[in-house]
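The lines below spell out each chain.
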Amino acid sequence: MAKSKDNIKQQLEEELKKRKPEKYVLHLYVAGLSPMSQKAIANIKKLCDEHMKGQVELEIQDIYQNPIIAKDGQILAAPTLIKELPPPLRKFVGDMSNTEKLLVGLDLRTKE
Amino acid sequence: MKKSDYKLVLYVAGTTPKSLEAFANLKKICEEHLKGEYSIEVVDLIKNPKLAKGDQIVAIPTLVRKLPQPIKKIIGDLSNTEKVLVGLNIIGKG
Amino acid sequence: MAKSKKFTGSAVSELPKCPTGIQGLDEVTFGGLPKGRPTLICGGPGCGKTLLAMEFLCRGALEYNEPGVFIAFEEREKDLEENFASLGFDLKSLVRRKKLYIDYIYIERSEIEETGEYDLEGLFVRLDSAINSVGAKRVVLDTIEALFSGFSNESILRAELRRLFRWLKDKGVTAIITGEKGEALLTKHGLEEYVADCVIALDHRVNNQIATRRLKIIKYRGSRHGTNEFPFLIGENGISVFPMTSLLLTSNASSVRISSGIRSLDAMLGDKGYYRGSTILVSGSAGSGKTTFGAQFVDSACRNGERALYMAFEESEEQLVRNMKSVGINLKKWVDKGLLEIASNRATLCGLEMHLVMAHKSVKEFKPKVVVIDPITTLTGAGVEGEAKAMMARLLDFLKIEGITVLANDLSLIGDKGEATEIGISSLCDTWIRLTMETQGYRRTRRISILKSRGMKHAHETKDLLITDKGLEIKDIPGVREENT
Numbered sequence: 000m001a002k003s004k005d006n007i008k009q010q011l012e013e014e015l016k017k018r019k020p021e022k023y024v025l026h027l028y029v030a031g032l033s034p035m036s037q038k039a040i041a042n043i044k045k046l047c048d049e050h051m052k053g054q055v056e057l058e059i060q061d062i063y064q065n066p067i068i069a070k071d072g073q074i075l076a077a078p079t080l081i082k083e084l085p086p087p088l089r090k091f092v093g094d095m096s097n098t099e100k101l102l103v104g105l106d107l108r109t110k111e
Numbered sequence: 000m001k002k003s004d005y006k007l008v009l010y011v012a013g014t015t016p017k018s019l020e021a022f023a024n025l026k027k028i029c030e031e032h033l034k035g036e037y038s039i040e041v042v043d044l045i046k047n048p049k050l051a052k053g054d055q056i057v058a059i060p061t062l063v064r065k066l067p068q069p070i071k072k073i074i075g076d077l078s079n080t081e082k083v084l085v086g087l088n089i090i091g092k093g
Numbered sequence: 000m001a002k003s004k005k006f007t008g009s010a011v012s013e014l015p016k017c018p019t020g021i022q023g024l025d026e027v028t029f030g031g032l033p034k035g036r037p038t039l040i041c042g043g044p045g046c047g048k049t050l051l052a053m054e055f056l057c058r059g060a061l062e063y064n065e066p067g068v069f070i071a072f073e074e075r076e077k078d079l080e081e082n083f084a085s086l087g088f089d090l091k092s093l094v095r096r097k098k099l100y101i102d103y104i105y106i107e108r109s110e111i112e113e114t115g116e117y118d119l120e121g122l123f124v125r126l127d128s129a130i131n132s133v134g135a136k137r138v139v140l141d142t143i144e145a146l147f148s149g150f151s152n153e154s155i156l157r158a159e160l161r162r163l164f165r166w167l168k169d170k171g172v173t174a175i176i177t178g179e180k181g182e183a184l185l186t187k188h189g190l191e192e193y194v195a196d197c198v199i200a201l202d203h204r205v206n207n208q209i210a211t212r213r214l215k216i217i218k219y220r221g222s223r224h225g226t227n228e229f230p231f232l233i234g235e236n237g238i239s240v241f242p243m244t245s246l247l248l249t250s251n252a253s254s255v256r257i258s259s260g261i262r263s264l265d266a267m268l269g270d271k272g273y274y275r276g277s278t279i280l281v282s283g284s285a286g287s288g289k290t291t292f293g294a295q296f297v298d299s300a301c302r303n304g305e306r307a308l309y310m311a312f313e314e315s316e317e318q319l320v321r322n323m324k325s326v327g328i329n330l331k332k333w334v335d336k337g338l339l340e341i342a343s344n345r346a347t348l349c350g351l352e353m354h355l356v357m358a359h360k361s362v363k364e365f366k367p368k369v370v371v372i373d374p375i376t377t378l379t380g381a382g383v384e385g386e387a388k389a390m391m392a393r394l395l396d397f398l399k400i401e402g403i404t405v406l407a408n409d410l411s412l413i414g415d416k417g418e419a420t421e422i423g424i425s426s427l428c429d430t431w432i433r434l435t436m437e438t439q440g441y442r443r444t445r446r447i448s449i450l451k452s453r454g455m456k457h458a459h460e461t462k463d464l465l466i467t468d469k470g471l472e473i474k475d476i477p478g479v480r481e482e483n484t
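Residue numbers (numbering that gives the first Met the number 0), protein chains in the order written: chain B, 0 to 111; chain A, 0 to 93; chain G, 0 to 484.
In case anyone wonders, no lab produced these hints; they're calculated from the structure. Glycine is no exception: its CB is placed at the ideal position from the N, C-alpha and C atoms. Be aware that one or more of the hints could be misleading.
On the chain A side, residues computed to face chain G include the following (Cβ under 7 Å) [stated by the list, open to error]: (1) K17; (2) N79; (3) K82; (4) G86.
Start from the sequences and build out the full structure, keeping to the hints where you can.
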């Protein structure tokens, strides 16, 4: 009995992974083309390619060029990644090098 | 063993879109509000119809909070996070 | 069964039926409930819905080898078992033998929070598993309306109910769904919308402080059905419905004769007595000897080893036995041998319909050859005047079809010479005997005359009727010859 219970859980987990039909809308806010910005851009692009291929709309904004956005979006740190969709809205700060943390935060992987 | 303050059982009937939705929502809510303090068990009533009787399951999906007492039941795909949090008595916690 | 054959004879193209086995119900539905389809039974609290539904399953399991599933939303398995034990149904044993599966579904609104989309797949899964576990052919949901108090999303509920009824049909089970009586609709939540095939309403009414239960078939798609309200009774063996169908013409006239129990009366009736299966009316004023007349008739039948039912509406069994003993008729002997059943009920204790249902039930169970109704007149006091005759006619019809010889006593208040019986049932009778009291000076004498007796030669003289310590005796009136019309 315990086995079949686990089975359904596993099945659901797999289905969940397969599903991801949702569109990810990610906004990355960087401050100029500093090395950190470049690193963050490279990291997030890689992550999108590997885990959300074809389902992601990534928009990169330079807050230097568009300070209004920083204010409206309440961006304090740079780089900041905002997951606009799917809900809930989440923010990540840093050079996006901690892939594991990002994947969990983006609901692409569950943390056990 | 991990500390599991919240013992949750999700009753589903096969891997239907509704089950999946509920499971996904549940996981998300737990991760956000009960991190490290919960365990989720999933029961498939198609395979174990007899188990429906114990918790008096009629609607699918039903989430049963076994612990902490008292038992609470939440039905639906758990898409209304606010209600789930109220139902589980964890609002304000996260 | 011979019983059902009788009623399906003229119904050639009707839908297949599922016999309920409930006394009288299969007659009024011409064979039972629609097979493989859901039927809605509705009515107020305490009207007998649950009982009817459970009896349908029990009889299905016991008499038709069709296992059943009972989904209870209101009572626990244990409560059901206890309640039904008193009605002679051993649910525990049926469950043990896998003839019945009871599942109690409990929905506590206060502990349920609803968030987003859901369905009632849990119910379907449970039902499916229950059906499979006993190979059920019959299903009861009692009462599905509990769902409405358990869940607040009515649009989901309604969609799911529709799906449920479709699903039950696909499963091919004959189902009973019960519903609480509503104010504007038949049921509180309009369940009738989903059950298109058959709807039966039960009613528990009180008229002149007399309670009557009635059953009415509101709708039965593709089938004939009785449109009347049929009285029914909840007795120690479950429900019995009095069919009240007019089937008079199907009865066969017998040419076999049966003794009246009074040799000198047999002599007046072409020397042979009554026709078997005929109806005899004995009318007379109080104290004219009607009861003795009836007692002597059952005594004679019992002597011949036949079962007799004596329906006493004015006396208790003890009184009757004692009084008859004083005129040399020992009824106790026959009661002890199981040949005689004395059904004693105060006429005003319950409604006329109830009396009819009880009579119907006793006859079905005890299977008497002879029935005495003493007196038939009292019953009118228990019913609405105009209905009484129709009811009586139905009862007599029914007894006639069963081939039972009936002797009905009729207390005539109009006057000793009156030839109109109080409830006017003389036309329904084959033989009509009148007892009178005549005062000659200080002496009162009992007289007997045969007003009519269909299909036989009978005496036309009025004779003396003597009550002796060996029962009744008839003698010619000394020196007088009176002609009757």
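Here is what the structure says about each hint:
1. For K17 (chain A), the shortest C-beta to C-beta distance to chain G is roughly 6 Å, which falls under 7 Å, so the interface hint holds.
2. Annotation: interface hint on N79 (chain A) holds; nearest CB of chain G at approximately 4 Å, less than 7 Å.
3. Against a cut-off of 7 Å between C-beta atoms, the interface hint on K82 (chain A) holds, since the closest Cβ of chain G lies about 4 Å away.
4. Proximity of G86 (chain A) to chain G holds as hinted, the smallest CB-CB distance being about 3 Å (cut-off 7 Å).
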